[in-house]
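Number of protein chains: 2
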Amino acid sequence: MLNDFEKTKPEDKDALNREIKELRARLMAQQQLLREKKLPVLVLIEGWSAAGKGSLIKELISEIDPRFYQVFSPAVTPEREMRYPFMYPYASVIPENGKIVFLDSGWMESTVQKSLKTEISRGEYQRRIRAVNEFERQLRDGGYLLLKIFLHIDKDEQFERLQGLTENADTAWRVAADDLWQHREYKRFLKTYDEFMEATNETIHWHVLDGRRRKTAVRDALKLLVNRIDKGLEKGRYVGEPFEEKFPLLEMPRLKDVDLSPAIEDEDYKKELKKLQTRLSELHNILYRKKIPVILCYEGWDAAGKGGNIRRVAHPLDPRGFDVHPIASPEPHELNRQFLWRFWTRLPRSGHICIFDRTWYGRVMVERLEGFCTEKDWKRAYNEINEFERQLTDWGAVVLKFWIHIDQDTQLARFTDRQNTPEKQWKITEEDWRNREKWPQYEEAVDEMLRKTSTKNAPWFIIESNDKKFARIKALKIIVKELEKACEEHFARSFE
Amino acid sequence: MLNDFEKTKPEDKDALNREIKELRARLMAQQQLLREKKLPVLVLIEGWSAAGKGSLIKELISEIDPRFYQVFSPAVTPEREMRYPFMYPYASVIPENGKIVFLDSGWMESTVQKSLKTEISRGEYQRRIRAVNEFERQLRDGGYLLLKIFLHIDKDEQFERLQGLTENADTAWRVAADDLWQHREYKRFLKTYDEFMEATNETIHWHVLDGRRRKTAVRDALKLLVNRIDKGLEKGRYVGEPFEEKFPLLEMPRLKDVDLSPAIEDEDYKKELKKLQTRLSELHNILYRKKIPVILCYEGWDAAGKGGNIRRVAHPLDPRGFDVHPIASPEPHELNRQFLWRFWTRLPRSGHICIFDRTWYGRVMVERLEGFCTEKDWKRAYNEINEFERQLTDWGAVVLKFWIHIDQDTQLARFTDRQNTPEKQWKITEEDWRNREKWPQYEEAVDEMLRKTSTKNAPWFIIESNDKKFARIKALKIIVKELEKACEEHFARSFE
Chain Y
6 MLNDFEKTKP EDKDALNREI KELRARLMAQ QQLLREKKLP VLVLIEGWSA
56 AGKGSLIKEL ISEIDPRFYQ VFSPAVTPER EMRYPFMYPY ASVIPENGKI
106 VFLDSGWMES TVQKSLKTEI SRGEYQRRIR AVNEFERQLR DGGYLLLKIF
156 LHIDKDEQFE RLQGLTENAD TAWRVAADDL WQHREYKRFL KTYDEFMEAT
206 NETIHWHVLD GRRRKTAVRD ALKLLVNRID KGLEKGRYVG EPFEEKFPLL
256 EMPRLKDVDL SPAIEDEDYK KELKKLQTRL SELHNILYRK KIPVILCYEG
306 WDAAGKGGNI RRVAHPLDPR GFDVHPIASP EPHELNRQFL WRFWTRLPRS
356 GHICIFDRTW YGRVMVERLE GFCTEKDWKR AYNEINEFER QLTDWGAVVL
406 KFWIHIDQDT QLARFTDRQN TPEKQWKITE EDWRNREKWP QYEEAVDEML
456 RKTSTKNAPW FIIESNDKKF ARIKALKIIV KELEKACEEH FARSFE
Chain W
6 MLNDFEKTKP EDKDALNREI KELRARLMAQ QQLLREKKLP VLVLIEGWSA
56 AGKGSLIKEL ISEIDPRFYQ VFSPAVTPER EMRYPFMYPY ASVIPENGKI
106 VFLDSGWMES TVQKSLKTEI SRGEYQRRIR AVNEFERQLR DGGYLLLKIF
156 LHIDKDEQFE RLQGLTENAD TAWRVAADDL WQHREYKRFL KTYDEFMEAT
206 NETIHWHVLD GRRRKTAVRD ALKLLVNRID KGLEKGRYVG EPFEEKFPLL
256 EMPRLKDVDL SPAIEDEDYK KELKKLQTRL SELHNILYRK KIPVILCYEG
306 WDAAGKGGNI RRVAHPLDPR GFDVHPIASP EPHELNRQFL WRFWTRLPRS
356 GHICIFDRTW YGRVMVERLE GFCTEKDWKR AYNEINEFER QLTDWGAVVL
406 KFWIHIDQDT QLARFTDRQN TPEKQWKITE EDWRNREKWP QYEEAVDEML
456 RKTSTKNAPW FIIESNDKKF ARIKALKIIV KELEKACEEH FARSFE
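Protein chains in written order, with the working numbering: chain Y, 6 to 501; chain W, 6 to 501.
Hints were generated in silico from the structure; no laboratory data involved.
Pairs count within a copy or across copies, as identical chains cannot be separated in the list.
Think about it this way: if two alpha-carbon atoms lie no more than 30 angstroms apart in a straight line, the pair counts; the simulated DSSO-like pairs of lysine-lysine are:
{"no.": "1", "residue 1": "K228", "residue 2": "K279"}
{"no.": "2", "residue 1": "K220", "residue 2": "K275"}
{"no.": "3", "residue 1": "K296", "residue 2": "K119"}
{"no.": "4", "residue 1": "K280", "residue 2": "K18"}
{"no.": "5", "residue 1": "K275", "residue 2": "K26"}
{"no.": "6", "residue 1": "K279", "residue 2": "K220"}
{"no.": "7", "residue 1": "K26", "residue 2": "K432"}
{"no.": "8", "residue 1": "K228", "residue 2": "K432"}
{"no.": "9", "residue 1": "K276", "residue 2": "K490"}
{"no.": "10", "residue 1": "K279", "residue 2": "K18"}
{"no.": "11", "residue 1": "K43", "residue 2": "K429"}
{"no.": "12", "residue 1": "K429", "residue 2": "K26"}
Using the sequences and the hints, build the whole thing.
Next comes the structure, spelled out in structure tokens:
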């Protein structure tokens with residue numbers, strides 16, 4: 006893409022200025038249409054050091070009302086990059102509906118640099134490419150307008166610019182060691198940029214602009230942006246089609262075939278609980294040091310005993326190293342973004358454990374059944390979720406998912422108990438009774454969910470919870486076993 | 006406080022266990038009452054290294070539903086501490102209504118350590134003490150229940166524990182160089198802890214617990230917590246009284262006395278604009294390198310021209326180094342916290358510029374006039390805001406506040422223009438017309454605000470904006486002048 010790039014010709018300055026002015030006026034008018042149609046726009050500006058990415062963004066935003074855009078330079082916070090999954094810094098700053106986000110370099114620069122520095126293996130490079138493609142497709146399918154621009158200058162031009170910056174005392178600090186290194190390695194960068202763009206050009210096309218002529222680049226970028234938005238406004242919000250992807254799935258039983266009779270004696274429970282909690286506490290120490298992130302997902306019927314189960318798991322953990330995220334219905338600023346955003350932003354730092362009390366699977370259960378999203382949305386979600394979880398496990402996270410299971414009679418008994426016990430009344434609402442009436446529909450949805458999302462890397466476990474104590478021990482046993490395995494594998498993985 | 010501390014006596018283990026169990030049951034019952042009464046609880050646990058802060062928190066939370074609490078260890082993110090105001094890591098994690106936040110060490114440990122390492126001057130130490138007292142009072146006055154616990158062990162006990170941790174390969178990593186340093190400097194720490202606690206004991210009392218006997222400490226901490234909550238529930242949400250504090254105030258004219266005739270010729274405007282923007286761009290470079298944070302606050306009448314003014318200021322800035330925060334009415338998760346929380350969390354990193362399009366002054370304007378808070382709340386807010394801004398300028402920030410001023414006739418003309426121009430219609434709402442009817446009440450509120458909050462360190466500037474171009478030039482001139490001053494003072498300050 007960069008090799009066959011044709012340089013732009015000089016243009017009449019006044020004509021360029023007129024065009025830019027016109028495009029800016031159009032962009033200004035588009036702002037409120039974006040707001041009305043609730044369309045989010047994400048603009049990624051990548052390019053060579055000293056190509057003028059910052060100035061280009063400055064020109065793009067100059068007439069946009071500050072209420073409608075934000076600019077992020079994710080690269081400036083290395084802590085985030087080291088302690089979170091690759092796409093985290095970008096996934097956490099996606100715009101909400103009606104707004105534009107400009108990214109001053111992003112997933113491309115980070116990947117290319119790390120690859121050339123051999124800080125990431127070839128395998129990791131390929132995983133990143135896949136994650137990028139998944140991320141872009143998920144946003145597009147979720148109604149986002151995306152625009153990707155690469156600002157190109159040749160080696161001579163870069164030399165002049167870097168020299169200019171370095172010679173001026175006020176700007177010298179802007180030239181970092183990495184910029185000079187890039188210049189020296191211009192050829193290798195060119196090849197790798199090209200390769201990266203080829204590999205991520207399918208869902209959202211790259212646009213290469215000539216960074217040498219600033220005004221021309223501004224005009225071209227504005228034109229791309231205005232046209233992209235126009236097309237988006239004209240077509241209305243896009244809803245992506247469901248698609249098939251092969252994930253290595255584990256076989257899951259249907260809920261109705263699960264034997265719910267398992268129970269445990271009180272004495273055994275106490276003994277096992279203590280033993281498992283002690284072991285979990287030790288494991289937490291090891292995970293913390295090895296910086297392995299752990300994500301435990303709890304779903305289940307109302308009154309199945311999720312809360313008590315989670316408390317038994319959390320109890321032995323060092324409070325400085327874990328979080329429990331209770332997931333309620335989304336707040337407005339969450340509803341206004343792609344559905345996984347509120348989970349991306351709640352991910353644990355590496356070495357931490359985080360427990361989700363309800364999860365992103367709301368998409369294929371309550372949102373599906375209550376019509377909070379379209380049919381295409383929830384049907385697409387199985388794959389989107391599998392992709393999301395694969396990105397988590399690629400990062401090195403242990404992802405375990407529990408379906409806390411009871412039968413209808415047990416639920417009724419617990420509901421009635423809650424209703425009749427003053428301290429427990431807050432736990433039972435009208436909504437719980439309404440949900441109960443939809444048991445068959447939920448069961449169908451859960452069966453489909455378990456069938457389609459129990460991947461090898463992020464498996465589901467059905468936890469029989471008619472006897473809550475049995476359920477706690479079973480969950481703890483699984484957690485301990487899987488974490489022990491993860492600690493061993495972590496060692497092996499370091500040779501990859 | 007630590008010198009006259011009396012050690013606890015051993016107690017009967019079974020009796021202790023019974024008490025703990027009872028207290029836990031009470032805490033469990035309190036959870037939902039807290040939620041119903043919408044009371045937030047903040048528990049700060051400080052103490053010696055190896056005193057058992059983590060385990061204590063573990064015991065405190067063990068029966069609380071994860072939906073109702075969060076644990077934070079703000080110390081683990083040093084980046085935040087270096088690039089943000091002292092209280093930022095704590096102010097940004099305060100609980101929302103109905104929830105409990107446990108802080109595993111906080112503003113005390115950070116201050117005492119830095120003071121003993123002479124990383125902060127005596128003056129900075131005193132400013133921190135003041136900031137802590139202000140922070141605690143503001144939370145209390147905002148209806149928060151606060152509890153501060155210090156976990157105490159003597160030098161011998163600390164020795165044994167550190168030794169125990171060090172000798173075990175699995176726990177040795179938990180002992181950091183700073184812990185050993187604290188142990189060596191036990192006496193100096195003791196004195197400084199004591200001094201800190203004396204200095205911050207007025208609004209919210211410290212409770213010193215004996216860390217040597219874990220069970221006793223758990224019982225005592227639970228008792229303190231349960232009693233604190235009981236008292237809070239019984240009395241209902243506290244609303245703090247307004248109070249007088251002397252800030253060095255600048256004299257401000259009344260709005261009606263402001264001459265709105267100033268205007269600028271088009272030619273002069275263009276020339277001045279270019280000159281000022283160029284200079285501002287240079288200054289941004291310098292500020293960035295010196296890591297001086299800049300906070301520009303815009304308030305003003307509807308249609309006064311805030312947006313256009315802000316755009317002219319933002320245009321010359323490097324988009325990587327500034328943010329514009331448009332402030333709309335608060336979202337639910339913002340409404341559920343102290344009113345300054347949503348501004349604390351939007352503060353710029355040091356070296357960055359941030360522009361607030363509307364600000365925390367909503368408290369004493371729209372919230373006052375629309376009854377969104379109590380009279381006591383907005384009357385108290387003048388001082389709370391002055392304190393907040395002093396903490397910002399103590400941190401080194403430049404805080405400039407602009408009241409963009411027009412008269413009623415000009416507003417009417419602009420409203421009418423907006424109404425009649427399709428591209429501008431989104432800018433005008435029913436609410437704007439309603440607000441317009443309350444002009445006299447708003448004028449009174451603004452006059453009071455300008456009189457009470459134009460401090461020397463964070464001054465207000467009235468910007469005559471009947472002629473928008475004049476207003477832009479005036480604001481830019483002030484910004485350039487004040488930033489030049491700040492760059493000079495930054496050098497002087499480094500000798501403090």
